[in-house]
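The residues making up each chain are set out below.
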Amino acid sequence: MLEISHTALLHALIGGVLGSIICGIIGVIILEKRLVMMSGGIAHVSYGGIGLGIYAHFSPLIGAIVFALAGSLGIGHFNRRHGEKSDVMIGIFWSVSMALGVLLTQLSDIDVDFDNYLFGDIFSVSKTVLWMTFILALAVIFIFIAFYQTMKAYLFDEEYAAVQGIHVRTLEIVLYILLGLTTIVILMMVGLVLTVGLYAAPAAIAKRLTKDFKKVVIYSVIFNLIFVIIGIAIAYVFQVASGAGIIFIAGITYFVLTFIDDLKKRRKVMDAESLNA
Amino acid sequence: MKTALEVDHLTVMYDHLIALNNVSFSVAEGDFVAIVGPNGGGKSTLIKAILNLVPVAAGNIRIFGEDYHKAKGFVGYVPQQSAFDSQFPITVKDVVKMGRLPSSLGFFHRFTNEDEEKVNAILKELKIEALADRPIGELSGGQKQKVLLARALVTDPKLLILDEPTANLDPPSRKQIYELLQEINKKITILMISHDDEHLLHYASSIVYINKKVIYQGSEMKSFDMIMTTV
Numbered sequence: 010m011l012e013i014s015h016t017a018l019l020h021a022l023i024g025g026v027l028g029s030i031i032c033g034i035i036g037v038i039i040l041e042k043r044l045v046m047m048s049g050g051i052a053h054v055s056y057g058g059i060g061l062g063i064y065a066h067f068s069p070l071i072g073a074i075v076f077a078l079a080g081s082l083g084i085g086h087f088n089r090r091h092g093e094k095s096d097v098m099i100g101i102f103w104s105v106s107m108a109l110g111v112l113l114t115q116l117s118d119i120d121v122d123f124d125n126y127l128f129g130d131i132f133s134v135s136k137t138v139l140w141m142t143f144i145l146a147l148a149v150i151f152i153f154i155a156f157y158q159t160m161k162a163y164l165f166d167e168e169y170a171a172v173q174g175i176h177v178r179t180l181e182i183v184l185y186i187l188l189g190l191t192t193i194v195i196l197m198m199v200g201l202v203l204t205v206g207l208y209a210a211p212a213a214i215a216k217r218l219t220k221d222f223k224k225v226v227i228y229s230v231i232f233n234l235i236f237v238i239i240g241i242a243i244a245y246v247f248q249v250a251s252g253a254g255i256i257f258i259a260g261i262t263y264f265v266l267t268f269i270d271d272l273k274k275r276r277k278v279m280d281a282e283s284l285n286a
Numbered sequence: 055m056k057t058a059l060e061v062d063h064l065t066v067m068y069d070h071l072i073a074l075n076n077v078s079f080s081v082a083e084g085d086f087v088a089i090v091g092p093n094g095g096g097k098s099t100l101i102k103a104i105l106n107l108v109p110v111a112a113g114n115i116r117i118f119g120e121d122y123h124k125a126k127g128f129v130g131y132v133p134q135q136s137a138f139d140s141q142f143p144i145t146v147k148d149v150v151k152m153g154r155l156p157s158s159l160g161f162f163h164r165f166t167n168e169d170e171e172k173v174n175a176i177l178k179e180l181k182i183e184a185l186a187d188r189p190i191g192e193l194s195g196g197q198k199q200k201v202l203l204a205r206a207l208v209t210d211p212k213l214l215i216l217d218e219p220t221a222n223l224d225p226p227s228r229k230q231i232y233e234l235l236q237e238i239n240k241k242i243t244i245l246m247i248s249h250d251d252e253h254l255l256h257y258a259s260s261i262v263y264i265n266k267k268v269i270y271q272g273s274e275m276k277s278f279d280m281i282m283t284t285v
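Protein chains in written order, with the working numbering: chain H, 10 to 286; chain S, 55 to 285.
None of these hints come from the bench; they were simulated from the model. It cannot be assumed that every hint is accurate.
[Claimed, not checked] Residues of chain S clear of chain H, computed beta-carbon distances all greater than 10 Å:
1. GLY94
2. GLU120
3. TYR131
4. ALA137
5. THR145
6. GLU170
7. GLU192
8. SER194
9. ARG205
10. GLU237
11. ASN239
[Stated by the list, open to error] Below, a list of computed lysine-lysine pairs in the BS3-like style, where the Cα atoms sit at most 30 Å apart:
12. LYS223/H / LYS178/S
13. LYS220/H / LYS181/S
14. LYS136/H / LYS216/H
15. LYS147/S / LYS274/H
16. LYS216/H / LYS212/S
17. LYS277/H / LYS147/S
18. LYS181/S / LYS212/S
19. LYS147/S / LYS220/H
20. LYS172/S / LYS198/S
21. LYS220/H / LYS172/S
22. LYS212/S / LYS223/H
23. LYS212/S / LYS224/H
24. LYS198/S / LYS102/S
25. LYS198/S / LYS224/H
26. LYS229/S / LYS223/H
27. LYS198/S / LYS273/H
28. LYS216/H / LYS198/S
29. LYS42/H / LYS229/S
30. LYS216/H / LYS147/S
31. LYS274/H / LYS198/S
32. LYS224/H / LYS178/S
33. LYS42/H / LYS198/S
34. LYS229/S / LYS212/S
35. LYS212/S / LYS220/H
36. LYS212/S / LYS274/H
[Said to hold, decoys possible] Pairwise CB distance ranges (calculated):
37. LEU18/H / ALA175/S: 56 to 62 Å
38. LYS124/S / GLU282/H: 53 to 59 Å
39. ASP224/S / MET279/H: 23 to 29 Å
Beta carbons are placed, not taken as given, at the ideal position from N, Cα and C, and that holds for glycine.
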C-alpha cells in the first residue's frame, strides 16, 4: 500500500463518520427484517456493474449503483413473492453478477486492483463518493425521522401495518432503494466481501444491550463509528485493507459480548435453580 | 339486526390452486362466530381476504355494507403470535399505540394526548397496565395475546377478527382469553379462527365450518366430529 496522505486520511474519517450513521440506521432495519443475506447479495451483485463500468469505460461507481439498485429491487421482489425460497434466487443473483464482473474486468484493457473492491480502501474515497455519502446520510436520517412511527410498525408486524392501511409497499420500496445505495457506500469502505459484517455486527451488538428501538439505532450508529475509526487507525498504522480491520474489530466485539451475555444468562439460571433446591 | 360481515360467493386462488371456492356466509352484528375447519382448509385465507391482504378471484366482501377500504376503521385484527417478531425491541405500550397510527405513511406522525389516554384506558380495561413499560419479548404467551387484543381494541372497532388467539396457550390462559372475548362481545361483533373445540362450543354463538367451501354454518353448537359425520 502506498503512503497515505493527510487529505486521504481526512476523507477517510469524514466518509467513515457519514457511512457509520447510514450503516447504523440501515443495519438495524436489515437486522429486524432479516435481510442480512440479501444485503450481501446486493453487494456482490454490484460487482457486475463495476465490471461493466471498467469494460465499457464508464464510471464503475455508476455501474455499481445501477446494479445495486436493480439487485435490491429485484431480490426484494423475489423475496416478497417466494418468501424463504428466495435464498436460491439471492444465491444465483449473487454468483452470476459476480461472475459477470470478473469476466468483464478480465476482458478489459485496464489493470484493476481487485483487493480495493473486495476488501475496501477507505483512503481512496473520492470527493464524489464523499458528497454522495453526505447526501445519502441526510436522506436516511430524514426518512428515518419522518416515517419513524410507521417504519417501526412495519418492522414489528408488517401484516398488521398493511391491515391498518399503512403503505407498507411504499416503505418497502424506499427501504430497498436506500439499501442498494447504502451498500455501495459500505462497499467503498469495507469492500463487497465484508459488507454483511458492517451491517449486521453493530446492529446485533446494539440489540443485545437495549430493548428500546430508538436506543438500538443510536447504539448501532455509535458502535459503527467506533469500529470504523478503529479500523481506519489500524489500516493507517499497519498499511492494511481498511475493511479487514473494521470488520475484525466488529466481529470480535460481537463474539465477546455474546459470550459474556450467555455467561450471565447461565449464571441467572444456576442462581434460580439453587434458590429452588 | 344489521349485518356486520357478508361474504358473498368468494373465491380465492393461489397460483391456479383454489384456496376458497364460492364461499358465502354472513355475520350479524353482535354475533360471536367461530371459523373452524381442517388445516389447509382456507380459514386463514378467508381472514386475509376479508382484511384485503390477498387478491380475490371472484365474489364480494362487505363490512357493515361497505368494502374494506371504507370499512377498515371498523375492523380490529388480532393476528397469530407467530406473525410478529417477539424479540423486536419494543414495549407493551408502544405496541398498543401502533393501533392508533393513521392509514397512510404517517409523515412526522406524533401521538396525541387523546391517543395516550386511549392506550392507558385499554391497558387498564384488559388489566395489563402494570406491563406497560415491559418489552414484549419478556411476556408470557397469554400476556402477549392480551397486548395484541389491546392494540386491536384501541381503535374502537365494531368487528373484531382474531386468528387462532389461543394457539400455544396453556389451558388457564385459554380460558382467560375466552372469558375476555365473551366480555368484549357484549359491545363488539367477533369473528375468530380456532382449533379449540372445547371452548368454542361453549363461548361462540355460531360456527362456520370451512374446507375450501362452507361445509356447515349454524348456531347449533356441534363438535367438529359431529359435523364431519353429518356432512
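Exercise for review: Would you list, in rising numerical order, the hints stated earlier that this structure does not obey?
Suggested key: Hints 3, 4, 5, 7, 9, 14, 16, 22, 23, 26, 29, 35, 36 are the ones this structure does not satisfy, whereas the remaining hints hold.
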